[in-house]
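Participant: Note that the protein sequences, when read in sequence, are chains S and Z.
Position 95 of the first sequence, counting from 1, maps to 95 under the working numbering, and the rest follow consecutively.
Position 141 of the second sequence, counting from 1, maps to 141 under the working numbering, and the rest follow consecutively.
If you're looking for bench data, these hints aren't it; they were derived computationally from the structure.
Looking from chain S toward chain Z, a few residues come up when the C-beta cut is under 8 Å (computed):
no. : residue
1   : 60
2   : 89
3   : 92
Far from chain S, some chain Z residues (derived; all Cβ distances over 10 Å):
no. : residue
4   : 9
5   : 32
6   : 64
7   : 73
8   : 84
9   : 147
10  : 152
11  : 160
Derived DEER-like restraints, expressed as beta-carbon distance ranges:
no. : chain 1 : residue 1 : chain 2 : residue 2 : range
12  : S       : 85        : Z       : 17        : 14 to 24 Å
13  : Z       : 27        : S       : 2         : 19 to 29 Å
14  : Z       : 148       : S       : 74        : 49 to 59 Å
15  : Z       : 127       : S       : 113       : 30 to 40 Å
16  : Z       : 160       : S       : 107       : 29 to 39 Å
17  : Z       : 24        : S       : 74        : 40 to 50 Å
18  : S       : 20        : Z       : 30        : 23 to 33 Å
19  : S       : 51        : Z       : 141       : 29 to 39 Å
Note that CB positions come from ideal geometry on N, CA and C, so glycine has one too.
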Amino acid sequence: MDLKLSNSNKDGIEIVDVEGEIDVYTAPRLRELLIELVNKKNYQLVVNMEKVEFLDSTGLGVLVGGLKRVRAHDGSLDLVCTQERILKIFRITGLTKVFGIHESVDQAIAARKAEKRLPA
Amino acid sequence: MATVEVTFTPLPVHVRTARLVATAVARRSGVAESLLDEVRLAVGEACSRAVEAHQQHCPGQPIRVSLTDDGEQFQVVVTDAVQGSSERDLPAGASLPAGTGAVGGNGAALGVDFEVPPGGSVPLRLPEDVGLAVIAGLADDVRIAPAGPGTSVTMIWKRRNAAF
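Please take these sequences and the hints and turn them into a complete structure.
Facilitator: Rendered as structure tokens:
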């Protein structure tokens, strides 16, 4: 299955819905979207991966690149993922400790808002 | 003799085809359904690495994938034609610590450094050896060796009792 991307704003956080396979062929499209969002000053991102069927290290690289870009602006990039087959590659690479990984978009938004309310 | 052999031109779009073939052959060979995702991901990683190397050094040469089921194990070999590619990744004949994941930690081993100044240049790819580390985390055994002018990445899943 090819890659389908869409994005919407919810409570000031940009939600990126991803469907299909993120691999060496399709990852550049996700990378372009993340760069476009950051260039438009969206620094709070949630990538919803619940409909992702495949993710390889190229896709991981794009997500890490997106995270680095938003962090450069004190932003965040959280993930929504509950699929074991997708989570496995995050575990193998140790990236579960780098990304905030949540069970739903609402949970990701709530976690982001709670973090913003914390005192510096 | 391999059960199935595939050669493809080094284009990213063909990596998906190689993944599909590997998954189909693994399923037919009796590899457990729970391991098929691991075969698919590991073969995809090996092919992606080969495609990237070919595009830089020999875009006209094909990449070869051979899949073999000998009853005891299911083996996939991805062979590139890039001169000296094994020296760039790992010493020839190297064996990766398979089955346990080879990276771990908090991302530092992946070169994930978040000290990026605003407006600074940010690389969007992980280091090249991450793909090999992922393969090592998925297959029971991984071997990298010189093969002709290039390198072969051999991934093995051993049969466990009646099934793999």
